[in-house]
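Chains X and D, in that order, are what the protein sequence lines are.
Per our numbering, residue 1 is the first one in the first sequence, and the count goes up by one each step.
Per our numbering, residue 1 is the first one in the second sequence, and the count goes up by one each step.
Keep in mind that the hints were calculated from the coordinates and are not lab data.
Just so it is clear, the structure is predicted and the values come from calculations on it, not from any experiment.
Idealized CB from N, CA, C, for every residue including glycine.
Keep in mind that a hint or two might mislead.
Straight-line Cα separation of at most 27 Å, DSS-like style, residue types lysine-lysine; simulated pairs [said to hold, decoys possible]:
no., chain 1, residue 1, chain 2, residue 2
1, D, Lys82, X, Lys74
2, X, Lys176, D, Lys82
3, D, Lys24, X, Lys173
4, D, Lys24, D, Lys3
5, X, Lys74, D, Lys24
6, X, Lys74, X, Lys63
7, X, Lys70, D, Lys82
8, D, Lys3, X, Lys173
9, X, Lys63, X, Lys91
10, D, Lys43, X, Lys70
11, X, Lys74, X, Lys6
12, D, Lys24, X, Lys70
13, X, Lys6, X, Lys91
14, X, Lys173, D, Lys82
15, D, Lys43, D, Lys23
16, D, Lys43, D, Lys31
17, X, Lys91, X, Lys74
18, X, Lys6, X, Lys70
19, D, Lys82, X, Lys63
20, D, Lys31, D, Lys3
21, D, Lys43, X, Lys176
22, D, Lys3, D, Lys43
23, X, Lys74, D, Lys23
Under 10 Å between C-beta atoms, here's a sample of chain X residues computed to sit facing chain D [stated by the list, open to error]:
no., residue
24, Ser25
25, His31
26, Lys74
27, Glu92
28, Leu140
Computed footprint of chain D on chain X; a stretch qualifies when at least three of its residues, placed anywhere within it, have a C-beta under 8 Å from a C-beta of chain D [to be verified]:
no., stretch
29, 46-59
30, 143-154
31, 166-178
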Amino acid sequence: MAITTKSNLDQLVSSAQNGDRNAFSELVRIHSLGVRNVVYRVCGNRQMAEDAAQEAFIRAWTKLSSYSPKVSFKSWLYRIAVNAALDMLRKEKRILPNALEDLKLRDINPTPEAMLASTERADLIAKALSSLSDASRTVLILREYEELSYNEIAETLEIPMGTVMSRLSYARKLLKEKLAVALFASAEDKNG
Amino acid sequence: MAKHILDSLGAYLDGELRGRELKKVETHLSKCELCAEEYASLKSLSEILEEAPLPDFSSPDRFAADVVLRLPRKEMTSIRSKVLEVGWWLAPVGLIAIWVFLGITNLLNDTLLIANEFGFLNSTATSLISSANPDAIWSARLGNFGFLAGNNLQWARTVEAFTRTTASHILWQLSIAVLYLIWIAVSWVRHEHRGFGKSIEG
Numbered sequence: 001m002a003i004t005t006k007s008n009l010d011q012l013v014s015s016a017q018n019g020d021r022n023a024f025s026e027l028v029r030i031h032s033l034g035v036r037n038v039v040y041r042v043c044g045n046r047q048m049a050e051d052a053a054q055e056a057f058i059r060a061w062t063k064l065s066s067y068s069p070k071v072s073f074k075s076w077l078y079r080i081a082v083n084a085a086l087d088m089l090r091k092e093k094r095i096l097p098n099a100l101e102d103l104k105l106r107d108i109n110p111t112p113e114a115m116l117a118s119t120e121r122a123d124l125i126a127k128a129l130s131s132l133s134d135a136s137r138t139v140l141i142l143r144e145y146e147e148l149s150y151n152e153i154a155e156t157l158e159i160p161m162g163t164v165m166s167r168l169s170y171a172r173k174l175l176k177e178k179l180a181v182a183l184f185a186s187a188e189d190k191n192g
Numbered sequence: 001m002a003k004h005i006l007d008s009l010g011a012y013l014d015g016e017l018r019g020r021e022l023k024k025v026e027t028h029l030s031k032c033e034l035c036a037e038e039y040a041s042l043k044s045l046s047e048i049l050e051e052a053p054l055p056d057f058s059s060p061d062r063f064a065a066d067v068v069l070r071l072p073r074k075e076m077t078s079i080r081s082k083v084l085e086v087g088w089w090l091a092p093v094g095l096i097a098i099w100v101f102l103g104i105t106n107l108l109n110d111t112l113l114i115a116n117e118f119g120f121l122n123s124t125a126t127s128l129i130s131s132a133n134p135d136a137i138w139s140a141r142l143g144n145f146g147f148l149a150g151n152n153l154q155w156a157r158t159v160e161a162f163t164r165t166t167a168s169h170i171l172w173q174l175s176i177a178v179l180y181l182i183w184i185a186v187s188w189v190r191h192e193h194r195g196f197g198k199s200i201e202g
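Between the sequences and the hints, there should be enough to build the whole structure, so can you do that?
As structure tokens, this is what we get:
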């Protein structure tokens with residue numbers, strides 16, 4: 001398996017900018033999981049995520065000439081991916097159920113078994129995430145799931161570092177509130 | 001007890017603090033129960049978020065193959081856009097070249113006319129200048145038809161010659177300046193619209 005160094009990546013980007021489809025294919029292969037993870041977390045739907053990720057890479061291909069190495073290719077690509085995912089959500093008119101309402105309904109009469117079931121928990125988390133605003137959710141996803149630094153998030157979303165910090169803080173506070181009843185208490189108990 | 005550091009806990013959790021700020025948060029957390037609890041809850045939130053699994057996506061190779069199949073052809077448009085781009089950036093150079101060329105041509109023309117006035121040119125050059133110099137056509141015609149004569153004709157010839165040369169100078173310089181300003185404006189608009197990915201803002 002080939003080792004992908006930064007200079008290799010730069011070379012691939014440069015070749016792709018000159019119209020080399022094989023180089024771009026390699027870039028797609030390298031970033032496919034990261035991009036699909038991000039768009040899945042934003043969309044909350046597997047099929048939508050696959051479509052949005054493909055759309056993101058096609059947009060990246062057509063806009064490659066405007067890419068400048070002043071920002072990292074990953075940040076540039078993730079910016080396109082996040083926008084493709086949000087566009088997809090708008091196009092599909094947010095077919096996901098209202099997460100907050102869903103949480104409340106489930107909390108009326110929870111059974112311990114149901115609450116502890118991992119799929120149930122995962123479902124609740126995904127829905128709580130999707131109930132956040134686009135701006136808050138995106139920052140949180142890039143930090144928590146992609147583990148981007150604040151600087152990388154700022155670069156990706158083209159916002160100041162201070163805004164990254166405030167959005168992240170707000171998103172965490174809101175998510176904690178949304179998850180508090182259903183999940184947070186049990187998780188804290190588990191952690192002791 | 002020192003002031004609570006709740007605002008710094010997120011950055012601490014994310015490994016974004018360095019040096020004195022990091023030390024300050026660590027020291028405070030070892031003493032303050034409230035901040036320690038808040039930090040534990042943030043950590044728990046991160047752990048809970050990790051519980052949301054990812055679906056089974058297709059393999060990167062297969063995904064890349066699917067994407068490449070959908071890529072639009074780019075080679076031709078790429079070359080065309082490069083030519084257009086180079087042409088765009090050469091446009092102001094062309095405008096300046098036209099400005100210099102016309103300026104030199106007019107300067108030479110004026111110099112030759114003055115030289116001719118003072119009789120420094122031979123007969124061949126004089127005939128060339130007078131055939132290429134349509135400065136006073138209308139006043140000459142008015143003179144031929146008897147509408148102007150004497151001092152009036154001379155005055156009309158001078159005014160027509162001045163208007164033709166000066167007005168044309170002003171007109172072409174103004175045209176080049178307007179074209180240049182349009183180029184700057186379009187360049188600025190293109191630059192403003194080049195960035196994308198700001199749709200999640202606001």
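Against the structure, the hints come out as follows:
no.	hint	in the structure
1	D:Lys82 to X:Lys74	holds, 25 Å
2	X:Lys176 to D:Lys82	violated, 51 Å
3	D:Lys24 to X:Lys173	holds, 23 Å
4	D:Lys24 to D:Lys3	holds, 11 Å
5	X:Lys74 to D:Lys24	violated, 33 Å
6	X:Lys74 to X:Lys63	holds, 14 Å
7	X:Lys70 to D:Lys82	holds, 21 Å
8	D:Lys3 to X:Lys173	holds, 20 Å
9	X:Lys63 to X:Lys91	holds, 21 Å
10	D:Lys43 to X:Lys70	violated, 33 Å
11	X:Lys74 to X:Lys6	holds, 11 Å
12	D:Lys24 to X:Lys70	violated, 34 Å
13	X:Lys6 to X:Lys91	violated, 36 Å
14	X:Lys173 to D:Lys82	violated, 49 Å
15	D:Lys43 to D:Lys23	holds, 19 Å
16	D:Lys43 to D:Lys31	holds, 18 Å
17	X:Lys91 to X:Lys74	holds, 25 Å
18	X:Lys6 to X:Lys70	holds, 14 Å
19	D:Lys82 to X:Lys63	holds, 13 Å
20	D:Lys31 to D:Lys3	holds, 11 Å
21	D:Lys43 to X:Lys176	holds, 11 Å
22	D:Lys3 to D:Lys43	holds, 21 Å
23	X:Lys74 to D:Lys23	violated, 32 Å
24	Ser25	holds, 5 Å
25	His31	holds, 9 Å
26	Lys74	violated, 13 Å
27	Glu92	violated, 16 Å
28	Leu140	holds, 8 Å
29	46-59	holds (count 7)
30	143-154	holds (count 5)
31	166-178	holds (count 5)
Of the numbered hints listed earlier, those contradicted by the structure are 2, 5, 10, 12, 13, 14, 23, 26, 27.
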